[in-house]
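*Asks:* Sequence:
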Amino acid sequence: MEPNICTHRYHAIQTNLQRCELATAEFITEATKREISFALVQEPYIGRIGQMKNYSGTRIAQSYRSQNTEKVIKAAIVLFNDTIDMTQCPGLTTENIAGAKLSTGAWDLGVVSVYLEGDTPIDPYLEMIDAAVVGLRTRHVILDVNAWNTWWGSRKTDSRGIEVAAKLDQLEFHILNRGTELTFDTYRGGKRFSSCVDITNCSTSLLGRMNNWRLSDEITSSDHRADCPVVRTGFF
Numbered sequence: 001m002e003p004n005i006c007t008h009r010y011h012a013i014q015t016n017l018q019r020c021e022l023a024t025a026e027f028i029t030e031a032t033k034r035e036i037s038f039a040l041v042q043e044p045y046i047g048r049i050g051q052m053k054n055y056s057g058t059r060i061a062q063s064y065r066s067q068n069t070e071k072v073i074k075a076a077i078v079l080f081n082d083t084i085d086m087t088q089c090p091g092l093t094t095e096n097i098a099g100a101k102l103s104t105g106a107w108d109l110g111v112v113s114v115y116l117e118g119d120t121p122i123d124p125y126l127e128m129i130d131a132a133v134v135g136l137r138t139r140h141v142i143l144d145v146n147a148w149n150t151w152w153g154s155r156k157t158d159s160r161g162i163e164v165a166a167k168l169d170q171l172e173f174h175i176l177n178r179g180t181e182l183t184f185d186t187y188r189g190g191k192r193f194s195s196c197v198d199i200t201n202c203s204t205s206l207l208g209r210m211n212n213w214r215l216s217d218e219i220t221s222s223d224h225r226a227d228c229p230v231v232r233t234g235f236f
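Under UniProt numbering, the first residue of the sequence shown carries the number 1, and numbering increases by one thereafter.
It is worth saying that the hints were derived from the structure and are not from the lab. Keep in mind it's a predicted model, so treat the numbers as computed, not measured. From the three backbone atoms N, C-alpha and C, an ideal C-beta is built for every residue, glycine too. Warning: the hint list may mix true and false statements.
Heads up, simulated DSSO-like pairs for lysine-lysine below, C-alpha to C-alpha not over 30 Å straight-line [to be verified]:
{"hint": "1", "residue 1": "K156", "residue 2": "K167"}
{"hint": "2", "residue 1": "K33", "residue 2": "K53"}
{"hint": "3", "residue 1": "K71", "residue 2": "K53"}
{"hint": "4", "residue 1": "K71", "residue 2": "K167"}
{"hint": "5", "residue 1": "K156", "residue 2": "K191"}
Just the calculated beta-carbon pair ranges, DEER-fashion [claimed, not checked]:
{"hint": "6", "residue 1": "E21", "residue 2": "G91", "range": "28 to 36 Å"}
{"hint": "7", "residue 1": "G105", "residue 2": "G57", "range": "17 to 25 Å"}
{"hint": "8", "residue 1": "G57", "residue 2": "T104", "range": "15 to 23 Å"}
{"hint": "9", "residue 1": "R192", "residue 2": "E70", "range": "29 to 37 Å"}
{"hint": "10", "residue 1": "F193", "residue 2": "A25", "range": "18 to 26 Å"}
{"hint": "11", "residue 1": "N212", "residue 2": "G91", "range": "31 to 39 Å"}
{"hint": "12", "residue 1": "V230", "residue 2": "P124", "range": "30 to 38 Å"}
{"hint": "13", "residue 1": "G135", "residue 2": "T83", "range": "22 to 30 Å"}
{"hint": "14", "residue 1": "H8", "residue 2": "T186", "range": "30 to 38 Å"}
{"hint": "15", "residue 1": "R192", "residue 2": "D82", "range": "37 to 45 Å"}
{"hint": "16", "residue 1": "D158", "residue 2": "D82", "range": "36 to 44 Å"}
{"hint": "17", "residue 1": "G189", "residue 2": "G105", "range": "47 to 55 Å"}
{"hint": "18", "residue 1": "Q170", "residue 2": "T32", "range": "34 to 42 Å"}
Let the hints inform the model, and build the full structure from the sequences given.
*Replies:* If you want it as structure tokens, here you go:
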């Protein structure tokens with residue numbers, strides 16, 4: 001560690017809540033109890049309002065949902081730490097992608113939460129990821145995404161996984177997953193379904209500052225396991 005530089009560790013979560021009210025409530029409770037600083041969320045519970053509601057002690061970055069649309073929010077960023085400022089970027093945020101800049105007086109960090117629909121063209125999503133990473137105007141970015149590719153431990157690689165991998169390579173992002181641990185695991189009708197579909201990524205500038213990446217079954221009852229990286233700041 002360099003002398004005379006104060007470093008801080010901020011705990012984060014990446015989680016898919018499967019639009020489940022219970023899993024979303026568990027997430028808020030556990031994140032608060034564990035003093036999580038921020039979270040990248042996919043498929044939160046949205047109820048009748050069609051978007052994630054505000055919970056006490058949190059700030060949420062997500063797309064504004066008009067009452068005249070049937071689209072629902074599937075990506076959000078949740079900030080728990082009140083010592084961090086969050087600037088939402090409306091032009092970089094849709095129902096499926098949420099982009100925000102987190103900052104203190106000492107550092108800033110771009111956060112992009114992405115949920116890729118499996119039955120829609122992927123090119124518009126990839127273009128939005130590009131726009132978000134560039135538009136946040138910081139070298140330090142954390143990004144999550146869902147896709148199938150053996151590169152990060154999936155049993156197979158499909159065309160969408162190939163395109164996502166190419167985009168991550170183009171952006172010079174690094175995958176934090178180890179590739180040996182399942183991010184989705186459940187039994188349905190006596191049959192097991194599992195995969196490595198959820199991946200957390202960071203820009204090259206953050207690679208040496210992302211510590212203790214692990215998966216947890218203790219955050220929520222969702223079939224998707226929570227990714228729990230730690231961000232070390234102080235050298236930004």
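*Asks:* Of all the hints given earlier, name the ones this structure violates by number, lowest first.
*Replies:* none
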